[in-house]
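Line by line, the protein sequences give chains A and B. Residue numbers for the first sequence follow my numbering, so the first one is 753 and each next one is one higher. Residue numbers for the second sequence follow my numbering, so the first one is 611 and each next one is one higher.
One thing to keep in mind: the hints can contain errors.
[As the list claims (entries may be wrong)] Lysine to any residue pairs mimicking SDA-like chemistry, simulated, CA-CA at most 25 Å apart:
| id | chain 1 | residue 1 | chain 2 | residue 2 |
| --- | --- | --- | --- | --- |
| 1 | B | Lys-635 | A | Glu-757 |
| 2 | B | Lys-635 | A | Val-799 |
| 3 | A | Lys-760 | B | Gln-731 |
| 4 | B | Lys-631 | A | Ala-828 |
| 5 | A | Lys-760 | B | Asp-683 |
| 6 | A | Lys-760 | B | Met-628 |
| 7 | B | Lys-635 | B | Asp-683 |
[To be verified] Which stretches of chain B does chain A cover? Using the computed rule of at least three CB atoms under 8 Å from a CB of chain A, they are:
| id | segment |
| --- | --- |
| 8 | 638 to 644 |
| 9 | 735 to 747 |
[What the hints assert, rightly or not] Over the 10 Å line for every Cβ pair with chain A, so calculated as not near, a few chain B residues:
| id | residue |
| --- | --- |
| 10 | Met-628 |
| 11 | Arg-675 |
| 12 | Ala-690 |
| 13 | Thr-691 |
| 14 | Gly-703 |
| 15 | Glu-718 |
These are computed hints drawn from the structure, not numbers from a lab. All C-beta atoms, glycine included, are put in the ideal place defined by N, C-alpha and C.
Listed below are the residues making up each chain.
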Amino acid sequence: MLSFEGAKTQGAAAITAKLTGLPFQQCQHNISTIDCQPSGPAGGVLVFVSGSLQLPGEQHALKFSQMFHLIPTPQASFYVLNDIFRLNYA
Amino acid sequence: MQKEEGEMGGGAEAQMEMVGKAFVKHYYGLFDAGSRPALAGLYHPSTSILSFEGRRFDGADSIGRHLSQLPFDLCRHMVATVDCQGSPFAAGGILVFVTGSLQLSGEEHSLSFSQMFQLVQSTEGRFYVQNDIFRLNYG
């Protein structure tokens, strides 16, 4: 599930549609911090990111924070179970 | 709304939001009232993990000690946003993501912060903080 600025979307197809439908072509994320912790016996990983992002044509960068909850797959990869994104206003 | 496999019913989701928001109010309430030592009771004695500005603390005692010893008397958290999500495949934890600002007594300017918690239910049915990550958001 993705919570993007408070709007919830579930499932890979809907999430992809949401992200590709965002109203800009390019974006540059500048990551300031990344913190990781194990989430429990299922082998999940919590990833907490903060930084800023620059949209083309915009004068000022926007601050953001985001968390991901990664879950291991049987094929020894990870998928994103939870994703929460927020812009950080002053 | 189409119900997919693994998706919680409307009732479970609303309950989860309620637990998450109530927890946030309780946590910052204790913190801002100056009862930081009491925060230790919200964490598990051995399995809880706090990452505070990049430093890691394990277990309720260590976490409680760090929070109690933070170098200020009073703090006021002003919560701007709270987002909750369930992680049903990970034994039913609730993920809570908070952004806002905090004001320390004596400081002229407030600081922007974000924090996430994973709340897990104990065998007695109480929720405790399994994971806690806190970061100030600098300009």
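A quick look at each hint next to the structure:
no., hint, verdict
1, Lys-635(B) <-> Glu-757(A), "20 Å, holds"
2, Lys-635(B) <-> Val-799(A), "24 Å, holds"
3, Lys-760(A) <-> Gln-731(B), "24 Å, holds"
4, Lys-631(B) <-> Ala-828(A), "35 Å, violated"
5, Lys-760(A) <-> Asp-683(B), "38 Å, violated"
6, Lys-760(A) <-> Met-628(B), "16 Å, holds"
7, Lys-635(B) <-> Asp-683(B), "20 Å, holds"
8, 638 to 644, "violated (count 0)"
9, 735 to 747, "holds (count 5)"
10, Met-628, "16 Å, holds"
11, Arg-675, "19 Å, holds"
12, Ala-690, "7 Å, violated"
13, Thr-691, "6 Å, violated"
14, Gly-703, "7 Å, violated"
15, Glu-718, "15 Å, holds"
Checked against the numbered hints listed earlier, the structure breaks hints 4, 5, 8, 12, 13, 14; every other hint is satisfied.
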